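2 protein chains.
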Amino acid sequence: MPKFARRMDNLKASEIRELLALTADPSIISFAGGLPAAELFPIDKWIDASNKVMTENGAVALQYGQTDGFERLREHCITRMNKVGVKNVTADDIQILSGSQQGLDFMARIFIDPGDYIVVESPTYLGALNAFKTYEPKFLQIPLDEEGMVMEDLEKQLKEHDNVKFIYVISDFQNPSGKTWTLERRKRLIELANKYDVMILEDNPYGELRFEGDIQPSLRSLDTEDRVIFMGTFSKVFSPGIRVGWFNASKEVLEKFNLVKQGADLQTSTTTQMILSQFLDDNDLEAHIQKIIDVYSKRKDVMVDAMKKYFPEEVSFTNPEGGLFLWVTLPKELNARDVAVKAIEKKVAFVPGGAFYPEDPEENHFRLNYSCMPEDKIEEGIKRLGDVLKEAVK
Amino acid sequence: MPKFARRMDNLKASEIRELLALTADPSIISFAGGLPAAELFPIDKWIDASNKVMTENGAVALQYGQTDGFERLREHCITRMNKVGVKNVTADDIQILSGSQQGLDFMARIFIDPGDYIVVESPTYLGALNAFKTYEPKFLQIPLDEEGMVMEDLEKQLKEHDNVKFIYVISDFQNPSGKTWTLERRKRLIELANKYDVMILEDNPYGELRFEGDIQPSLRSLDTEDRVIFMGTFSKVFSPGIRVGWFNASKEVLEKFNLVKQGADLQTSTTTQMILSQFLDDNDLEAHIQKIIDVYSKRKDVMVDAMKKYFPEEVSFTNPEGGLFLWVTLPKELNARDVAVKAIEKKVAFVPGGAFYPEDPEENHFRLNYSCMPEDKIEEGIKRLGDVLKEAVK
Numbered sequence: 007m008p009k010f011a012r013r014m015d016n017l018k019a020s021e022i023r024e025l026l027a028l029t030a031d032p033s034i035i036s037f038a039g040g041l042p043a044a045e046l047f048p049i050d051k052w053i054d055a056s057n058k059v060m061t062e063n064g065a066v067a068l069q070y071g072q073t074d075g076f077e078r079l080r081e082h083c084i085t086r087m088n089k090v091g092v093k094n095v096t097a098d099d100i101q102i103l104s105g106s107q108q109g110l111d112f113m114a115r116i117f118i119d120p121g122d123y124i125v126v127e128s129p130t131y132l133g134a135l136n137a138f139k140t141y142e143p144k145f146l147q148i149p150l151d152e153e154g155m156v157m158e159d160l161e162k163q164l165k166e167h168d169n170v171k172f173i174y175v176i177s178d179f180q181n182p183s184g185k186t187w188t189l190e191r192r193k194r195l196i197e198l199a200n201k202y203d204v205m206i207l208e209d210n211p212y213g214e215l216r217f218e219g220d221i222q223p224s225l226r227s228l229d230t231e232d233r234v235i236f237m238g239t240f241s242k243v244f245s246p247g248i249r250v251g252w253f254n255a256s257k258e259v260l261e262k263f264n265l266v267k268q269g270a271d272l273q274t275s276t277t278t279q280m281i282l283s284q285f286l287d288d289n290d291l292e293a294h295i296q297k298i299i300d301v302y303s304k305r306k307d308v309m310v311d312a313m314k315k316y317f318p319e320e321v322s323f324t325n326p327e328g329g330l331f332l333w334v335t336l337p338k339e340l341n342a343r344d345v346a347v348k349a350i351e352k353k354v355a356f357v358p359g360g361a362f363y364p365e366d367p368e369e370n371h372f373r374l375n376y377s378c379m380p381e382d383k384i385e386e387g388i389k390r391l392g393d394v395l396k397e398a399v400k
Numbered sequence: 007m008p009k010f011a012r013r014m015d016n017l018k019a020s021e022i023r024e025l026l027a028l029t030a031d032p033s034i035i036s037f038a039g040g041l042p043a044a045e046l047f048p049i050d051k052w053i054d055a056s057n058k059v060m061t062e063n064g065a066v067a068l069q070y071g072q073t074d075g076f077e078r079l080r081e082h083c084i085t086r087m088n089k090v091g092v093k094n095v096t097a098d099d100i101q102i103l104s105g106s107q108q109g110l111d112f113m114a115r116i117f118i119d120p121g122d123y124i125v126v127e128s129p130t131y132l133g134a135l136n137a138f139k140t141y142e143p144k145f146l147q148i149p150l151d152e153e154g155m156v157m158e159d160l161e162k163q164l165k166e167h168d169n170v171k172f173i174y175v176i177s178d179f180q181n182p183s184g185k186t187w188t189l190e191r192r193k194r195l196i197e198l199a200n201k202y203d204v205m206i207l208e209d210n211p212y213g214e215l216r217f218e219g220d221i222q223p224s225l226r227s228l229d230t231e232d233r234v235i236f237m238g239t240f241s242k243v244f245s246p247g248i249r250v251g252w253f254n255a256s257k258e259v260l261e262k263f264n265l266v267k268q269g270a271d272l273q274t275s276t277t278t279q280m281i282l283s284q285f286l287d288d289n290d291l292e293a294h295i296q297k298i299i300d301v302y303s304k305r306k307d308v309m310v311d312a313m314k315k316y317f318p319e320e321v322s323f324t325n326p327e328g329g330l331f332l333w334v335t336l337p338k339e340l341n342a343r344d345v346a347v348k349a350i351e352k353k354v355a356f357v358p359g360g361a362f363y364p365e366d367p368e369e370n371h372f373r374l375n376y377s378c379m380p381e382d383k384i385e386e387g388i389k390r391l392g393d394v395l396k397e398a399v400k
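In order, the protein sequence lines correspond to chains A and B. Position 280 (the first sequence) corresponds to 286 in my numbering; numbering is contiguous. Position 123 (the second sequence) corresponds to 129 in my numbering; numbering is contiguous.
Keep in mind the hints are simulated off the structure, nothing from the lab. There's no promise every hint is true.
No copy is singled out in the list; a pair is fine if it fits within one copy or between any two copies.
[Claimed, not checked] Calculated cross-link-like contacts (lysine-lysine; reagent style DSS-like; alpha-carbon spacing at most 27 angstroms):
hint, residue 1, residue 2
1, K51, K304
2, K400, K18
3, K18, K139
4, K257, K9
5, K400, K352
6, K9, K201
7, K144, K353
8, K9, K93
9, K165, K9
10, K389, K51
11, K9, K139
Only a predicted model underlies this, so the values are computations on that prediction, with no experimental measurement involved.
Turn these sequences into a full structure, and let the hints guide you.
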């Protein structure tokens, strides 16, 4: 009876969400989700910040607030931008978001007419594809090698298509591949975006979770023509349950984001913004991030060591320098969806790679998450997965 | 340089938001906003609920949660639905929203292709028009009389247009008019929606804030073919700063809302949902609502009495039975925008009525809010406004 809009034909339930429901079974060792380690949440400090805000300023914290966000929190975002090399940012250059997923929606909303192109990494973040599809774009997939997006392929596509609206990039510890772009590729991307007059969406949820080496300059810091829209989030360095992220972009673009924010949800929760801001006033976020890095880095090492030990040699995988995910590649003739079914029988879960491509999925990959499992479970899960893989490659 | 999508041509900054910025001047008596009375927020009880949730369950409250919302909070929504006459609701029939503004966006997102029609009351809520415009609908405006939407006009339009997707209605203490639909009109609306195969969006933010008489059955409670999508919010009965609302609709529609929720922001804040839910577990919301009613009812009376005393007889106004707003009508030849400029000079602010029409605005109305000003300021503000109006009608 209800006659839905045409765009609804494009939207399907996220396979990851369905897989996560399946893995609610506590006997399953799940590498499927992308959850931060809950045992690291600074609960006591959150309580202190919350009580301070509510005692001193409760009537403001529970009231409507500004569309662009709580000013002191926008000031804290300046520190985060400085850390990824972006200078000369003021609070006015920040739009607070209800998590960075909302930014993906807004980005397509302000740029995409049906049939316009979005360039994505191949593979790319599934949740971005779902958000973008609402606005009926076409996708151009550019392969990733060990240094980032392959620039020759990108330029070829930009040359051939004149209605490319933006290039979507997770340049640090990408979801799902765990790969990080080299500085050279970053600079080349900016050159090509300038040359072909295309915007860039830099999605940077994991950049501060670097286990080794130096943080690469963000694309926004290399931006010469105000083309890069930077999207950050407190989900991975503080808590995803509060739903707070931000945009940094040119004034012209921020003005549009402010307009769509009014229509979409008026504003992000005043309450969570003020408590987060108080937490950042009173605590050393850098020290907290270092704690997260120490734990994730160890878990990643345990996972990689176990994979070396238990996986058959036909199977390869990335060894990320940060973030939450790594990417496994099977021999071409194997389908990771079949392997996933076998793995679930052995009580191990992961996300088959096909979901991370808008079209022509490569089915011989899968994504593993290492952030939210204790080390002994990682070892045990990878051992079981090794058995499944040895059977599969036979 | 950025090439924005076509839909961005439809979006303009909300006049109300700009007016609100202007009225940040504390010397101005503002009847312009729609803020709940902050002095009534149950801050101490919020702190208790928050500390309980965080102490007992902090790791869950700061983690990702379900797309449809925190289950216990969805159970609390059942109580709210029962109160407006909707029975046989379960937690599975509820989708939690990041405020009901988000529901307006989702509604147009799942139903509207460019050029489809939305039927609205004339006047109607400005924020709804802004949300809908993103999806490029056309609007059909149906006048309101003292009993609700004029059904003859509605049927004429439904007969003439075959791509009407839904009828948007605030049937209780409407924003901006303060009007409430009679039971007879409600029943007739359902009949017409059934006859012409059209959905209904019932936006009910104020229904529980009734000063006198009985709560009218909601449209959803009169629904015979699962056509009504009910949208509720905790903004006016608890706090708008937490940004929590909900949908109740058919399974088929809820499934679509769940899909768009995933893309739009994954989920509403686990943190605020769990704290609100704990507050509702531990406190008597009915008693809290009664406190709000007592205060708003008194403020409304003070405003209406002052208007009778100070406004010239050429000016008429509604006398609402609940909610936050009333609606003033000037002689046809006067423009409320001109009056607003004069009023600001006298340090009084309101929203000119023209903003509440998608097209062909009637400019001889304005909206007054009485919820967030103390009684002496209301008296003083209306007195000043009376002087301006007496000058204007001369």
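Here is how each hint holds up against the structure:
1. K51 <-> K304: Classified as within: same-chain Cα gap 25 angstroms, cross-chain 41 angstroms, threshold 27 angstroms.
2. K400 <-> K18: Answer is neither: 35 angstroms inside a copy and 62 angstroms across each miss the 27 angstroms cutoff.
3. K18 <-> K139: So K18 and K139 pass the 27 angstroms test inside a copy (10 angstroms) and across (25 angstroms) alike.
4. K257 <-> K9: Only across copies: K257 and K9 sit 14 angstroms apart there, 39 angstroms inside one copy, limit 27 angstroms.
5. K400 <-> K352: within (18 angstroms within a copy, 86 angstroms between copies)
6. K9 <-> K201: Only across copies: K9 and K201 sit 15 angstroms apart there, 43 angstroms inside one copy, limit 27 angstroms.
7. K144 <-> K353: neither (37 angstroms within a copy, 53 angstroms between copies)
8. K9 <-> K93: Intra 49 angstroms, inter 26 angstroms, cutoff 27 angstroms: inter-copy only.
9. K165 <-> K9: between (39 angstroms within a copy, 17 angstroms between copies)
10. K389 <-> K51: Neither way: K389 and K51 sit 38 angstroms apart in one copy and 49 angstroms across, limit 27 angstroms.
11. K9 <-> K139: both (19 angstroms within a copy, 19 angstroms between copies)
When held up to the earlier numbered hints, the structure conflicts with 2, 7, 10 and fits the remainder.
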